[in-house]
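Protein chains in written order, with full-length UniProt numbering: chain G, 1 to 348; chain H, 1 to 348; chain X, 1 to 348; chain Y, 1 to 348.
What the hints contain is simulated information worked out from the structure, not anything from laboratory work.
Computed from a predicted model, the values in this text were never measured in an experiment.
Beta carbons: idealized from backbone N, C-alpha and C, even for Gly.
Some but not every residue of chain G turned toward chain Y, in silico, with C-beta under 10 Å:
no.	residue
1	206
2	244
3	249
There are 4 protein chains.
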Amino acid sequence: MIKVAIVGGTGYTGVELLRILATHPQVDVTAITSRSLNGTRVSEQFPSLRGHYDLAFCEPNIEQLCACDLVFFATPHGVAQAQVPALIERGVRVIDLSADFRLKDIPAWEAWYGQEHAAPALAQEAIYGLPEVNRADIADAQLVACPGCYPTAIQLGWIPLLEAGVVEPAQLIASAASGASGAGRQAKTELILAENSDNFRAYSAAGHRHLPEIEQGLRGVQPSGASPAQVTFVPHLLPMIRGIHATLFAKSSAGLSPTELQTLFEQRYKDEPFVDVLPPGSHPQTRSVRGTNMCRISVMQPQDRDTLVVMSVIDNLAKGASAQAVQNMNIMFGLTETLGLESPALLP
Amino acid sequence: MIKVAIVGGTGYTGVELLRILATHPQVDVTAITSRSLNGTRVSEQFPSLRGHYDLAFCEPNIEQLCACDLVFFATPHGVAQAQVPALIERGVRVIDLSADFRLKDIPAWEAWYGQEHAAPALAQEAIYGLPEVNRADIADAQLVACPGCYPTAIQLGWIPLLEAGVVEPAQLIASAASGASGAGRQAKTELILAENSDNFRAYSAAGHRHLPEIEQGLRGVQPSGASPAQVTFVPHLLPMIRGIHATLFAKSSAGLSPTELQTLFEQRYKDEPFVDVLPPGSHPQTRSVRGTNMCRISVMQPQDRDTLVVMSVIDNLAKGASAQAVQNMNIMFGLTETLGLESPALLP
Amino acid sequence: MIKVAIVGGTGYTGVELLRILATHPQVDVTAITSRSLNGTRVSEQFPSLRGHYDLAFCEPNIEQLCACDLVFFATPHGVAQAQVPALIERGVRVIDLSADFRLKDIPAWEAWYGQEHAAPALAQEAIYGLPEVNRADIADAQLVACPGCYPTAIQLGWIPLLEAGVVEPAQLIASAASGASGAGRQAKTELILAENSDNFRAYSAAGHRHLPEIEQGLRGVQPSGASPAQVTFVPHLLPMIRGIHATLFAKSSAGLSPTELQTLFEQRYKDEPFVDVLPPGSHPQTRSVRGTNMCRISVMQPQDRDTLVVMSVIDNLAKGASAQAVQNMNIMFGLTETLGLESPALLP
Amino acid sequence: MIKVAIVGGTGYTGVELLRILATHPQVDVTAITSRSLNGTRVSEQFPSLRGHYDLAFCEPNIEQLCACDLVFFATPHGVAQAQVPALIERGVRVIDLSADFRLKDIPAWEAWYGQEHAAPALAQEAIYGLPEVNRADIADAQLVACPGCYPTAIQLGWIPLLEAGVVEPAQLIASAASGASGAGRQAKTELILAENSDNFRAYSAAGHRHLPEIEQGLRGVQPSGASPAQVTFVPHLLPMIRGIHATLFAKSSAGLSPTELQTLFEQRYKDEPFVDVLPPGSHPQTRSVRGTNMCRISVMQPQDRDTLVVMSVIDNLAKGASAQAVQNMNIMFGLTETLGLESPALLP
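Construct the complete structure from the given sequences, taking the supplied hints into account.
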């Protein structure tokens, strides 16, 4: 059994980790921290977990964390970079679900997040936890930076095209939408149901923090010599709880036929347990991945014109956060990659 | 491995059976029937099941069904009573999720459902599949009639009070509300999102088909000599997908204190794996049982007056239908009762 | 033109007043106060009002308020009782949408709201603004206490029965549900969409602040000598924005036939412009009153038993708050009672 | 008073016309037709209209229609082209809300709609009812083809850029999303709440019928000599009732600064009563136009790159259908253009 701790267990990625790990046959959750809820039982805070955990939230304690095989950080940005170095030094493995170790370009991180980075060297060593790209490195990693939700959906949708170099990399357009759980479990007026139900809007269209992560990831898979991927990214807020849908537009530069396009995607992901390329003509639905680690993708070439459309859906809390973290854990500890992640989506 | 077939697999209770059984370690689903979708792959109809089933829907075939250990009927009322007798005769075990075998009072069944009953004798032999009441009989049953969704939530909420004889049985009031999946996967204008989102209404307040089932079940647990339970039942339609919430009112006749009330409920359900009595003062939420076989219950005595309030929540498709059917299956086949039903609710 | 001011314009009842008054032909909104948004234009805070108001929020100023014919208080409880006395003294008329002046029983008010009442004498003089009961007194009132949302829906549903003395007043049961806007525009985690969408739950079942208001109102219409109305009231939170649905249960004590019941309701409300008794067998829907001052009511006697069921729907922000306040204003200023309140509901 | 009839009054655009016209001071609705509901009172079918209309649905009757000043067609495509010619011949004015007379390219219409056009000559004479482009022609028109919902939102968003010739017309990308009422009031399984709530998906990405209308409209405003506008258009279905949000991407070809962009939009629409250009940095929300004839627009240039982003929101049933039809009626009959369309949006 792998002994794991979760730092920051009161947000949605924390409770999602607890939900998934509750039935994982090789994991024992031994600690979950929260300063504000210190002493409160997990099952009191989250009645859905009654009967699954006897744990209470505790204050973060370095000795307790160091007694674990693996520590998940499910904290706001800024926390992991302060606490992870001590754990790494002591040989503990870490999966960080926050944005702290995703970017290699530290000045960019500091500009987008508006603060100095506390562990820039560690950020260079961290492995970006997108298994479909970095599986081998993840297996050996001590520190994995789990990708953001939008970056996961968007990268998986575009990777086949950019790896193959068949679209113009400087004219990428991503129109994506997320369920409200993506904004976290925060007490903000702008998040209450009466402000968001029966409503739809874009946000951060002038610049969203996930943009540099998306571009870094795409550039990483481009053939050498290609002009660097450049993305216009507009996120939207959906009146629903879970799910990300990315609608991706790219200009074809290689004249692939619809059949070749479809084959390109199917071949790229044929061995991936959590990426499902849908049959030609399909439109993926967010509910088809609700609660799961799946990413479902379709590709189309409308009107036989040169703009290609890729649609990619994930569950923002699952493949977009906590389930992908468990997938990374399975890889790091040599377990079957799908362990604990086998249940179908909750539909309807 | 238990070989099972599902008759009528295109409705919500059918796809929910498929979802649950996909990860059940002791079950092999060998056939799923649908006349209208004969030949269509299950994963084409329900993309959430891609990768989980290779099956295609087939026409019902008695020989194929008889080769199974167990057949689930997930069909509209009227179908099972026509097809089950032949299976029973051949020794196949059956769990019927429809209303066909729930009522012992055949004239009542015929009045509420507006048709002649095709297998009245079999209805007498059928075991009502509420494990919290009939566990022993279910274990030996050849035919189990799985309870309706409202009746499950309402009976579990009132059983402790009626068994103990501490409320006036002739003044029971149930105000209950169901998610829209309770109305099934039907092409009806009155069910479309634009008619039901941001809306709430009662329906069938003058008389709902679940009323006689509720009263039969409650009367079955009353002490002999008690005046028979009589219920006023008003169901409502919620602008959401899954979940039943029953708010139950009863007049206290025995002067129990709040502590005695709480103890009564806790004692009654202390060995039940799927009934969770919440701490005093709690209000159960439907999302706390989403996708699970749990029923969560609270009991209160507002203002210390003599009207008791019980709140009971289930997932209408799970404990209210397909997960309860799997619980019954586990009991019938001597498996651990919770097998395949261990995952926590999907929250948020 | 009536010159009006709104104190506390940033909550939902404030913006709903602005919405309704924007097209009221006899009203000029001259001031709207908010300490926190002092100087911010109304149209900046609420883009739906762009083009309708040039006003900016201002700090409360007694001289400015006293220059108005009428001041609406759309503030949390506690505010109006502190500020209204000075206005009353200066001869300004006031409609308070908060709970401050609704209860005549000051100790009860203080017990339920947990603070000392700052203007108990004024509370005795205030007229309870339910036009269907107090129209004449409202016309002459200087201070109107606008009813709460649940109390409006529930009283209108039961008044015909209690006035006529045809039900047992000590066994009244109200199961009611409200859209999330009823909880106000507050930054609370428990109100965010991801916590409430696809979810249903009761709250404050052990005792809600609207209970004494409901009982006071019902007792006020009972024939003298009747035993006082006593209500068990369980409110629920709906995963939607607007609407209250009250499902009301009462024990018939006079043996009225269904036809007599229907007639009783139709006669009681035949001259009321904003109460609509639906035909026998109907179930009112909250969306049928969305955005309007209407209350729609149905009455039934299920199974010909002695429990009567009344269903009553309103829009909690309209007839349950701001539109009813405008109805009261029309009455107070001798205008046509329906002025500015004529638009049909927004359906779908 | 203008005497109007509505042909096809049982769909959402029909009931929306009834809602708007109920308070229009210059209109008398004298007939509303429906074969299937012949004889049913409008207020029985739509309880939200109780008290507003005494009308019953009637069978279409040419004499009755010809006695009107104006006939609205709120019918599925194919109906108006069969019935309108006889009315035009008799001198009746017609506003058609369907797609029948929107396209000038009849072979394209026949290809997209899969049937022969019954009145191709009349289609050439029809005026496309987008007042922001065709106001003068609408005033004199006998037959107005009211624009589709997506085309309205998308054209209004791009018109300033295409008229000015400051973007590359062959690389236009529209990612748009609609509330479920856009699919109409139809009994289809794919439209029921349990299939669409908490879900998001694209549809018709390979080609939607509104595409040729959008391109025709955009080409109509381009300067002569420009290469013709070509659009990639992906529509999505939102889990909500009303609202369209169009997120529009175009490649800047003229190097406009953000300030020049903003000014371009503000100048273009400065005299338009129903187009509201938001301040720089804003994101329009669909709820800000709920139930109104407004279109709210923002324009941005993310990261100072050359892809411009325009966001445009309307209510699909209002500015996207029935309210725009009333705006057209006001223009045709010389009324104040905003008459009957003054109410602010229903928010929250």
